[in-house]
Amino acid sequence: MVKPARVVRSLQKGQHTRAIILEAALGLASHMGLEGLSIGALADVTKMSKSGVFAHFGSREELQIAVVKEYHAKFEEEVFFTAIREERGLPRLRALFERWVRRVSVEIDSGCIYISGAVEFDDRPGPVRDALVAMVKAWHAALHKAIVLAQEAGHLHADADVQQILFELHGLILSLHHDARFMRNPGAVSRASLGFERTIQFYATAEGLGVEAARIPPSKQGAAAKKRS
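Take 143 as the starting number for the sequence shown in this note's numbering and just add one per residue.
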């Protein structure tokens, strides 16, 4: 059955309004944390009534979960979906990490909801914490698969501990976020990149190092070798 045009327009308007509210909520949460979100604050930012905002989310908890999912969708679009276009192996793993670093660099003046949310909800069980954990686990699963594929491609040693590599890469991002956002250390991004290079040097096979070298322009190979030493 075909829906009347008026109903379709009403649904489209509702979806558009919800998207506007969600975008505003994401901006607030990035600066104030998920706990800083409220129906009232969103009503002020969007110039809507509280009842109008409430009609789209129903509760503060539902709003927080929607923001977590929206953040994850944007993260996937900017980091994951662009990186997986790269060749399987170290090229893809490098692309994932570099785009992750780029995302954190952009968020220095606002904040990463994954990281701030972990601080806010680490000891507070409930649906919001569950949503945060699910999103982070999904990202870790993507990284885990990229590392395994790099092993299968012969770029990383077959006996390398995949979970340890994942732990080290995530640790670099946490250090980057801390030093760049809290300490305001201007060299944090370079240190994170250097940490990645050293991690790759430790776990990569000769074939993997060869693939890496082949991707570096001759004019930059000297600088890259100096950075690794």
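Where hints are given, some of them may not hold.
[Unchecked claim] Pairs of lysine-lysine residues, derived as DSS-like cross-links and limited to a Cα-Cα distance of at most 30 angstroms, are as follows:
#1 Lys216 x Lys287
#2 Lys211 x Lys192
#3 Lys211 x Lys279
#4 Lys216 x Lys279
#5 Lys211 x Lys189
#6 Lys287 x Lys189
Simulated from the structure, these hints should not be mistaken for laboratory data. Note that the structure is predicted; figures quoted are calculated from it, not measured.
Structure-based check of all given hints:
Proximity of Lys216 to Lys287 is assessed by CA-CA distance (about 20 angstroms); at most 30 angstroms being required, the pair is judged to hold. Straight-line distance between C-alpha atoms of Lys211 and Lys192 comes to about 22 angstroms, which keeps the hinted pair within the 30 angstroms bound. As the CA atoms of Lys211 and Lys279 are separated by approximately 13 angstroms, the hinted pair is consistent with the 30 angstroms bound. Distance hint between Lys216 and Lys279 is fulfilled; the C-alpha atoms sit about 16 angstroms from each other, no more than 30 angstroms.
A threshold of 30 angstroms between alpha carbons decides the hint, and for Lys211 with Lys189 the separation of about 24 angstroms falls inside it, so the pair holds. Restraint check for Lys287 and Lys189: not satisfied, since their Cα atoms lie roughly 44 angstroms apart, outside the 30 angstroms limit.
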